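Given the coordinates of chain X, assemble chain C onto it according to the supplied hints.
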Amino acid sequence: MSIIAAHDVALSFGATPALRGAGLAVEPGEIVAIMGPSGSGKSTLLHCLAGILVPDRGEIHFDGRRIDTLGEAERSALRRDRFGFVFQFGQLVPELTAEENVALPLLLGGVRRAEAVRWAREWFPRLGLDGLEGRRSGELSGGQAQRVALARGLVGRPRVLFADEPTGALDSLTGEQVMDLMVDAARAEGTTVVLVTHEPRVAAYADREVVVRDGKAYPLTAEAAVS
Amino acid sequence: MTVPMTLLGLLEREPSHGYDLKRDYDAYFGRGKPLSYGQVYNTLSRLARDGKVVMSEVGPGEGPDRKRYVITERGATEVDTWLAEPVEPEPHLQTTLFAKVTLALMLGRPAEAYLDTQRAAHLKRMRELTEIKRHGALVDALLADHGLFHLEADLRWIELTAARLDALAAEVRR
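Going down the list, the protein sequences come from chains X and C.
The first sequence begins at 1 in our numbering and counts up one residue at a time.
The second sequence begins at 1001 in our numbering and counts up one residue at a time.
Pulled out of the complex, with its shape left as it was, chain X reads as follows (with noise of 0.2 Å):
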């Protein structure tokens, strides 16, 4: 069973519509890149999955169960107890500590302190962050920053990891590094990981691509196109 599924999925925004029915079935464990020009709906897509979005028509299933007829309470919960995010900009808050940072899902999601912080730590050496615990992000640099931010998408061990371009705001070694520690992370994990990237590069780390175009997705297949 697809651990996520969108059926006719349709989104406007005002008269402005994103999305126009796409589809889309992401198996357990698998790796997707959701590709596409700006403007294509690949990011509202993503945020439709994800319960952050509710769509004006379709469905969406996670593990079996429609979600986007939740209120945005049980929605809320299931974002911070199964999902897992990572986005371009801006994630970490400044005030706290990046070990703080990547604790906080844990802290509001109700794990003591001491243990959330335990498991926390855990993360900085396998993403190559050891002694940047007590950094603040302005003490970061951008590629440190998006390692943090990567700590606190995976530190609830969450069935999904949805990742919004998150390179973007990367140099191409950087973001490879970034690449690099996502996809071992969540093969180790078990983690399904939705990528939305515009980055043919950051794709090629995906089992899988799909096409969102004119608010539809299409998947790509090397098979010989049927005219």
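Keep in mind the hints are simulated off the structure, nothing from the lab.
Model, not experiment: these values are computed from the prediction.
Accuracy of the hints is not assured; some may be wrong.
Simulated coverage check for chain C against chain X, where a stretch passes if three residues somewhere in it have a Cβ under 8 Å from a Cβ of chain X [unchecked claim]:
| # | region |
| --- | --- |
| 1 | 1114-1125 |
| 2 | 1129-1143 |
| 3 | 1150-1159 |
Where is the CB? At the ideal position from N, CA and C, for every residue including glycine.
Chain C only, in chain X's frame:
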């Protein structure tokens, strides 16, 4: 491979004399490297031998220019298959890919679907190279990177072309 298939594709558009074929080929695909008449007629002879075109006599006089070439069903099937197949993903394939996209638009075929197929073939190769890069030695990684950057450049061209298909179709259709 590109020249025979391109001539066949042009013949699918309409039966033509060798002269017209050369003119259209040079205009759309030659890009400073025009075909010689010898190349055109040699190619047409081979296509005729293989049953992909037939000749029909029209007009008085002699010589190859009096012959009109008509694509056969076998020829049309071959064009179909060639257009739909992705090109082996490797750097510097622009010429073949360019010919395919332009011909597909001329013939009213699904150029966007062909580009998607090509995009998938490129991404598949990029995944293979990424695996090599992630698990190989640094020298392997450097070589893989070289391939990845070139494939990425092709993909950018594919994206841009996909975005311009309507305008391109208006330009090459008649």
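In rising order, the numbers of the hints this structure does not comply with: Hint check: nothing fails, all pass.
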